[in-house]
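First to last, the protein sequences are chains C, H and E. The first sequence runs contiguously to residue 366 in our numbering. The second sequence runs contiguously to residue 1304 in our numbering. The third sequence runs contiguously to residue 2270 in our numbering.
No wet-lab data here; the hints were simulated from the structure. All residues carry an ideal CB built from backbone N, CA and C; glycine is no exception. One should not assume that every hint holds.
Derived contacts from chain E toward chain H, CB cut-off under 7 Å, selection only [stated by the list, open to error]:
1. Leu2015
2. Ile2026
3. Phe2055
4. Thr2099
5. Leu2105
6. Ala2244
7. Met2248
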Amino acid sequence: MPLLRIERVVKRFGTFRAVDGVSLDIHAGEFFALLGPSGCGKTTLLRMLAGFEGPDEGRILLNGKDIANVLPHERPVNMMFQNYALFPHLSVRDNIAFGLKRAGMARSEIDARVAEMVALVKLEGLEKRKPDNLSGGQKQRVALARSLARRPQMLLLDEPLAALDKKLRESTQFELMELQRRLGLTFVIVTHDQEEAMTVAGRIGVMDSGRLDQVASPRELYEAPHSRWIAEFVGDVNLFDGEIEAREHHRLTIATRDAGMLVVAEPRQGVRKTTVSVAIRPEKVKLSRLGPAPDAIASQPINRLEGIITDVSYLGALTTYKVRLDSGAILRSSMANTARIDIDAYNLSQRVVAWFTPDDCLVLEQ
Amino acid sequence: MSGRRIFARPARLGAIAPYLWMLLFFLVPFGFVLKISLSQTAIAQPPYLPVFDLTQGAAAFKTALTALSLDNFRLLVSDNLYVFSYLRSLVVAVVATAILLVIGYPIAYGIARLPPRWQPIAMMLVIVPFWTSFLIRIYAWINILQHDGLLNQMLLSLHLVSVPVVWLSSDSAMYLGIVYSYLPFMILPLFATLAKMEPALEEAASDLGAPPLKVFWLITFPLSLPGVAAGVLLCFIPIVGEFVIPDLLAGSNSLMIGQTLWLEFFTNKDWPVASAAAIVLLLLLVAPLVVYDRLQRAQLEGAR
Amino acid sequence: MNGPRGLSPFNVASLALGLAFLYLPIVILMIYSFNASRLVTVWGGWSLRWYQEFFQDRAMIEAGWMSLRVGATSATIATLLGTLAAVALSRGEGFKGRTLFSGMLYAPLVMPEVITGLSLLLLFVAVNAERGFWTVTIAHTTLTMCFVAVVVQSRLTSLDRSLEEAAMDLGCSPARAFLAVTLPLIAPAIAAGWMLAFTLSLDDLVIASFTTGPGSATLPIRIYSEVRLGVKPEINAICTLVIALISMVIVVASLATKLSGAQRETAAPL
Chain C
1 MPLLRIERVV
11 KRFGTFRAVD
21 GVSLDIHAGE
31 FFALLGPSGC
41 GKTTLLRMLA
51 GFEGPDEGRI
61 LLNGKDIANV
71 LPHERPVNMM
81 FQNYALFPHL
91 SVRDNIAFGL
101 KRAGMARSEI
111 DARVAEMVAL
121 VKLEGLEKRK
131 PDNLSGGQKQ
141 RVALARSLAR
151 RPQMLLLDEP
161 LAALDKKLRE
171 STQFELMELQ
181 RRLGLTFVIV
191 THDQEEAMTV
201 AGRIGVMDSG
211 RLDQVASPRE
221 LYEAPHSRWI
231 AEFVGDVNLF
241 DGEIEAREHH
251 RLTIATRDAG
261 MLVVAEPRQG
271 VRKTTVSVAI
281 RPEKVKLSRL
291 GPAPDAIASQ
301 PINRLEGIIT
311 DVSYLGALTT
321 YKVRLDSGAI
331 LRSSMANTAR
341 IDIDAYNLSQ
351 RVVAWFTPDD
361 CLVLEQ
Chain H
1001 MSGRRIFARP
1011 ARLGAIAPYL
1021 WMLLFFLVPF
1031 GFVLKISLSQ
1041 TAIAQPPYLP
1051 VFDLTQGAAA
1061 FKTALTALSL
1071 DNFRLLVSDN
1081 LYVFSYLRSL
1091 VVAVVATAIL
1101 LVIGYPIAYG
1111 IARLPPRWQP
1121 IAMMLVIVPF
1131 WTSFLIRIYA
1141 WINILQHDGL
1151 LNQMLLSLHL
1161 VSVPVVWLSS
1171 DSAMYLGIVY
1181 SYLPFMILPL
1191 FATLAKMEPA
1201 LEEAASDLGA
1211 PPLKVFWLIT
1221 FPLSLPGVAA
1231 GVLLCFIPIV
1241 GEFVIPDLLA
1251 GSNSLMIGQT
1261 LWLEFFTNKD
1271 WPVASAAAIV
1281 LLLLLVAPLV
1291 VYDRLQRAQL
1301 EGAR
Chain E
2001 MNGPRGLSPF
2011 NVASLALGLA
2021 FLYLPIVILM
2031 IYSFNASRLV
2041 TVWGGWSLRW
2051 YQEFFQDRAM
2061 IEAGWMSLRV
2071 GATSATIATL
2081 LGTLAAVALS
2091 RGEGFKGRTL
2101 FSGMLYAPLV
2111 MPEVITGLSL
2121 LLLFVAVNAE
2131 RGFWTVTIAH
2141 TTLTMCFVAV
2151 VVQSRLTSLD
2161 RSLEEAAMDL
2171 GCSPARAFLA
2181 VTLPLIAPAI
2191 AAGWMLAFTL
2201 SLDDLVIASF
2211 TTGPGSATLP
2221 IRIYSEVRLG
2231 VKPEINAICT
2241 LVIALISMVI
2251 VVASLATKLS
2261 GAQRETAAPL
């Protein structure tokens, strides 16, 4: 039995369906991410788990029990708020002890638990400070300690890292994962940042317009997205629309408007429609002056496109290129900068061959 | 958001006590004003004929209905004294509000341009006189404006005038008093909108080639219009009903409606006419009140 | 005008003139309260003569005492009711009669005082209430409640509502969350509301004139009847005392809010 079961939950605000028939199981010990653009309903769903919103339809079961009518303060679930919601009139210690006092814990027990939490998030020496005298990273730790202090069965995190700068965010992501593994708790995080979701979570649920589009591991989500929308939302992608011309030996030949005939691997579940999109991630597109190496051609058919480099962006680890194909369409390619001095770098206006294998491509029904 | 419902239920209970209080001490008294404005004047204590007597049952209600009279309102419309004092109230309020806007805007603008650290202090300085008594502030001006007061002494010693000027009991003294008393009410909302304005907007306008005065007229002023409207209404409405300032500073040959009402009530003991005057005054203020309420609501929504 | 954020000479001049206009009359009044001479034309040297005269003026002292009592009582009731109203309006979402409620609550804010005073008097006469301390107190509570509500409501609106949610999430019932988190954070606004109500009550002439009875005049009523007869140096002394009292209340209150925590304002953007 899953720790949490969400069954066909609907939440309306007026006529607007913020959450529109979502079903989802979350298991004990999981780090689950709800990913989606702002306004997709992910925060509303999270607030329903915390008890701040009630579902209009459907059920939410925690340990098999319907918690729809359980008030927030009676749920064994705690939440870390987006802007931390630290109580400005209370010290760090009192913020962390706040939930423990409500639980009627003995003083000595509270002191011990607070000390444990302070050590857990490395806030030693700051117990007497007020939240306003803390840095952003410290506030984030207090909020985390406060929500963990009651040892909730499930911790909900609403964009917990959005207020931190990039460097701090990355290190905190790893600390969160480490903490979750060590405590063996169930974490549900809401984020609009796909990199963050892919870094921390074991499974990701992608939401759009109130619906849960796909629930998958980070790798599956990136390499086998269910829809064009997800492919574009998670990472960069080149998309070419076309019609299926032929299918043989698990290979499809697709006539595209912008990239001519493309040979792609047939997805395992098959394709029902004939009008499809071909998706290729930029890092799967290789560039060369002369074309693919002979040994690559020997093993399988190769998709080969020619064009002119119109844009070069050097990003450090990667360089991304935009290639204008002869059809006028733009193909993006990114290449790892594996050598410090790259004599093979391409220049603007240079004519190149872009190539990729059928397995690099993904067929998406529209 | 509907999730706030959990908190909303107990919060709503808070409304009960103030609700009852305002029903009892605000709405019900208006019923009395309305009722008495429709009854006849009498030389008695209280000085009006009861509109109906509950002890006589339904029959009394019927006689009461026939006894209801619009005489007091007819009197208000036909007697020039009342018509003039209504008109005077409106004129005084319009002129005073215009002066307030002209004086208050530069001050509010000046404060909004102070370094952020100084803004609250400057606003405090503007508000503090408002905390000291209204009557005291008017009295302070009487001190200065009286026949042998400081102003006349100063003018005499500078040889700007040869005989003391009569300042008190004049319209100019009254306008001075009104402007002085209501200035914070004008500055406050103006400052609020001016301070909230993105400084980059003015910078962008001058970057795009607008000279300072153009920047003000094309960007700053239009964007501050909500504040202007709030300030104008906040001053205009109470000035129409003003009593103390015209009573102490203006001459007695033309009265504002607040004074007329006071006179009818305290001196002539004509409660029904005073009540009718109050009703008409209120009707005059309905339009600006509705506009004011809309603005307030819009601002509250915006703050959310 | 130099840079758009800088102060132009025009800005400086309007600020200086504006503040001089606001303060000069009051300062002059305060100085003249120490004038030994009865005539304003003559500066007769520093003296506390008019203060002595005030302290021997029984009627004036009684009126002052009455005003203080009415002010403190009505401000306390108004603060209680106004805070409840602000909580209901800012946290109660929609409820039946909400429009009527906020309309009634905020109407005295802009209602001409002559009307409020007249209508309350008619009520008191109709129910045959003895006019005096309690009728003025009730009238002033009705007048000042909306000011308290405005101050407290604006604080509640700027307060991050996830603070209350966090408290509930951590095991507080809604009522507990209000007491443990909301109330301490709006306490400075409640105190400011009380002060505002107190000074407004101390200040009011019109409504008190309507609702008070014989023998229980408030300070403004007494001052008003004296002022109508002309300038009297004793009034300068009384006014100076009132100003001193109010300034003291303001200073104490702002010190108290400073001490109670600088977090008050910075809590809003959180």
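Each hint tested on the structure:
1. Taken as an interface hint, Leu2015 (chain E) checks out: its beta carbon lies about 4 Å from the nearest beta carbon of chain H, inside 7 Å.
2. Taken as an interface hint, Ile2026 (chain E) checks out: its beta carbon lies about 6 Å from the nearest beta carbon of chain H, inside 7 Å.
3. This hint is violated: Phe2055 (chain E) has a C-beta 18 Å from the nearest C-beta of chain H, more than the 7 Å allowed.
4. About 10 Å separates the beta-carbon of Thr2099 (chain E) from the nearest beta-carbon of chain H, more than 7 Å, and the hint is not met.
5. Below 7 Å, beta-carbon pairs count as interface contacts, and Leu2105 (chain E) has one with chain H at about 6 Å; its hint therefore holds.
6. Because the beta carbon of Ala2244 (chain E) sits about 10 Å from the nearest beta carbon in chain H, more than 7 Å, this interface hint is broken.
7. At about 11 Å, the closest approach between the beta carbon of Met2248 (chain E) and any beta carbon in chain H exceeds 7 Å, and the interface hint on this residue is violated.
Consistency with the previously given hints fails for numbers 3, 4, 6 and 7, ordered from lowest to highest.
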